[in-house]
Structures are given as C-alpha cells and as structure tokens.
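In case it helps, the numbering used here puts the sequence shown at residues 1035 to 1208.
Wrong hints could be hidden among the right ones.
[Unchecked claim] Straight-line alpha carbon distances no greater than 25 Å define the calculated DMTMM-like cross-link-like pairs of lysine to aspartate or glutamate that follow: (1) Lys1166 - Asp1139; (2) Lys1153 - Glu1194; (3) Lys1186 - Glu1125; (4) Lys1119 - Asp1139; (5) Lys1146 - Glu1195; (6) Lys1119 - Glu1184; (7) Lys1124 - Glu1047.
In case anyone wonders, no lab produced these hints; they're calculated from the structure. Please read these numbers as outputs of a predicted model, since none were measured by experiment.
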Amino acid sequence: MFCVKCGKEIDDETAFCPFCGATIKKAPAPEDSGISVMCQTARVFIVLQSIFLAFLLFVGVCFLLASTMLGIIVIIATVIWGIYKWLSYKECYVSLNGTSITGHDGIIKSRKLVSPVNKVQDIGISNGLFGKIFHYHTIVISTAGSNGAEYKYPHMANAEELQAAFVKISNSIK
1035 MFCVKCGKEI DDETAFCPFC GATIKKAPAP EDSGISVMCQ TARVFIVLQS
1085 IFLAFLLFVG VCFLLASTML GIIVIIATVI WGIYKWLSYK ECYVSLNGTS
1135 ITGHDGIIKS RKLVSPVNKV QDIGISNGLF GKIFHYHTIV ISTAGSNGAE
1185 YKYPHMANAE ELQAAFVKIS NSIK
C-alpha cells in the first residue's frame, strides 16, 4: 500500500506512515455477499487428452504385440503422463467468494493465490478462436501490493461468471 500524503510504499498493517507520520485510514473489511464462483480447466481439454492417451496406448500395445521393448516404455510413459494430466486438471482452479479469491495452478511447479477481494485490481479474460468455439478463457488476475503480481490461469471454464461476480462484489465494496 502507498501513503496518500508522501506516496511512499508502506506496510498494509501500519497505522501511521513511517516516512511522513500521516495517519493511514484502514479500508473497512468487505462483507460476505453470498456470491461464490468456481472455475476449473475446461472439460474439452480432458476429452482431447483422453483421446490422445487412448491413441498412445494403442500404439504401445501394437509395439508390445510386435515383441518390442518400446511397447512397454510407451505404455508406462502414457500411464504416467495420463496421471500427471489428471492431477493437473484437478489442481487447477480459481474460486471467488464474497471476501476472497483463491487460485491454484500446477503440481510440480505450483503457484497459489489467496487474496482479499479488495486487493484484487482486475480480473481479465481472453480467448482465441478455439476458446470461442469450446467456451474457455485465459483468466488473468492482477493484485495490488508491492509486486503487483499477475496470476494466469489458461483454459478455464466459467471465466465470464467469475468476472461478473468480481465486478458485482467490487461495486458493493465501494
């Protein structure tokens, strides 16, 4: 947060600016509006990946029937990749309730967002041609703070609902 008098960056919990001594007004805590929205990776990606996994398993079985070691390697790699993709699907979400927004993406290299709604500056959504066809978006959440972080969540369903709920909650806070 920044001091309104001198403009320098200060801690969110500070009552007085350590640089100029100005009194810092605390924003009132947002009330829970009862709004709750959850976004997860679009199911179309799970279907497409399942079709691809089935094809790879077929190729692995064909190699296995031809008595080659490559068949076992392809089958094992396909099963491991399938489990990884399933876990990725289950662990990628963005959730908004009346007071906070939570997001999680990734398994091995994961990134987690937990922020009060009044610290979120913007929730942007975008999509390309396939996103328009299959109804998914990339969600970009910009938060306030010392680093002004952006969190990106690609291929998310229900992004428009999330954005509309955020606007409704933000308008009720102001």
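Here is how each hint holds up against the structure:
1. Proximity of Lys1166 to Asp1139 is assessed by CA-CA distance (about 22 Å); at most 25 Å being required, the pair is judged to hold.
2. Proximity of Lys1153 to Glu1194 is assessed by CA-CA distance (about 20 Å); at most 25 Å being required, the pair is judged to hold.
3. For the hint linking Lys1186 to Glu1125, the alpha-carbon distance of about 14 Å falls within 25 Å, and the restraint holds.
4. Proximity of Lys1119 to Asp1139 is assessed by CA-CA distance (about 12 Å); at most 25 Å being required, the pair is judged to hold.
5. Proposed proximity of Lys1146 and Glu1195 is supported: the alpha carbons are some 21 Å apart, at most 25 Å.
6. A hinted pair counts as satisfied when its Cα atoms are at most 25 Å apart, and Lys1119 with Glu1184 qualifies at roughly 24 Å.
7. For the proposed pair Lys1124 and Glu1047, the alpha carbon gap of about 35 Å is over 25 Å, so the pair is violated.
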